[in-house]
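Full structure from sequences and hints, please.
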Amino acid sequence: DVKVTQSSRYLVKRTGEKVFLECVQDMDHENMFWYRQDPGLGLRLIYFSYDVKMKEKGDIPEGYSVSREKKERFSLILESASTNQTSMYLCASSLPSIFGEQYFGPGTRLTVT
Amino acid sequence: AQKVTQAQTEISVVEKEDVTLDCVYETRDTTYYLFWYKQPPSGELVFLIRRNSFDEQNEISGRYSWNFQKSTSSFNFTITASQVVDSAVYFCALSELRSSASKIIFGSGTRLSIRP
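Chains A and B supply the protein sequences, listed in that same order. Sequential numbering from 991 applies to the first sequence in the working numbering. Sequential numbering from -13 applies to the second sequence in the working numbering.
Keep in mind that the hints were calculated from the coordinates and are not lab data. Ideal Cβ positions, reconstructed from N, Cα and C, are used throughout, including at glycine. Errors might be hidden in some of the hints.
Here are some chain A residues pointing at chain B (derived, C-beta under 10 Å) [stated by the list, open to error]: (1) Y1025; (2) N1074; (3) E1091; (4) P1096.
Computed list of lysine-lysine pairs in BS3-like fashion (alpha-carbon distance at most 25 Å, straight line) [unchecked claim]: (5) B:K(-11) / A:K1047; (6) A:K1047 / A:K1061; (7) A:K1045 / A:K1008; (8) B:K(-11) / B:K24; (9) A:K1008 / A:K1060; (10) B:K24 / B:K56; (11) B:K24 / A:K993; (12) A:K1045 / B:K(-11); (13) A:K1043 / A:K993.
Distance windows between CB atoms, simulated [claimed, not checked]: (14) B:F40 / A:P1086: 42 to 48 Å; (15) B:V32 / A:D1028: 16 to 22 Å; (16) A:T1076 / B:V70: 27 to 33 Å; (17) B:N38 / A:K1061: 25 to 31 Å; (18) A:P1086 / B:E1: 39 to 45 Å; (19) B:V0 / A:T1005: 44 to 50 Å; (20) A:L1031 / B:T66: 26 to 32 Å.
Structural data, given as C-alpha cells:
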C-alpha cells in the first residue's frame, strides 16, 4: 500500500520560530510537492522537487524553503514563522510523468501564534 | 494561463439524491490530464480519476460518473444515489507540463454535504 507520511498532524509555533515540516514517501517517487490549503483557495503549490537536491519554486514560495537530501524525504522550512503562515500543509509525491497522479499525506495543521 | 474553476463552493443534498459537481478548466496545452480528488473529513486527498485530453468518453465507476467535454472545457462529476459517506471536499485538477516536472493545478474545491 502506497504511503506518504507527515511528521505531525498538528503543530503550534510562535511567531519568529524556525519550523520544519517533514514528509516521507515509500513509493520511490521522483517528484515531491508541498502545498498549503486555505479555505476558498484550494491547494496552492509552495515548492516541488523532481530529484534529490533539485527544487523549483511553486506559486507561493515566499517565506518558505525546502530541502531534499534523500529521495524519500522532502522537508518544508519556515525560516521565521509568521501568523499568515497558519494553514494546512499537504505533502504529495508522484511519478515523473504528465499523467502521474499525486499521492497525498494526511496533512499538518500549523498554527502560528 | 492554466486555471481550474469550481464555481460551486458548497452543495448540500439529501441522501439518495443525484448531485453534479462542475469543473471548468483553461489551458494552452494540447496534451493534458484532468483529475478529480476527494478530501474526506480525515484530511487526506484521495485520487478518484484521471482523464487525458484525447479521450472524451464518459466514464462510470459504480455510483460515480464523469463527463468530459473539450468543446466547453468542462469535466463534471456526478454522484448517483448519494450517500452520507460521500460527504467531502472534492477537487478538480489539471496537469501542467513544465520543463522540469509535471505539476497539477487544483480548483478551489466544492464542499459536498449529504444529509441523512
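If you test the structure against every hint from before, which numbers come out violated? 2 and 14
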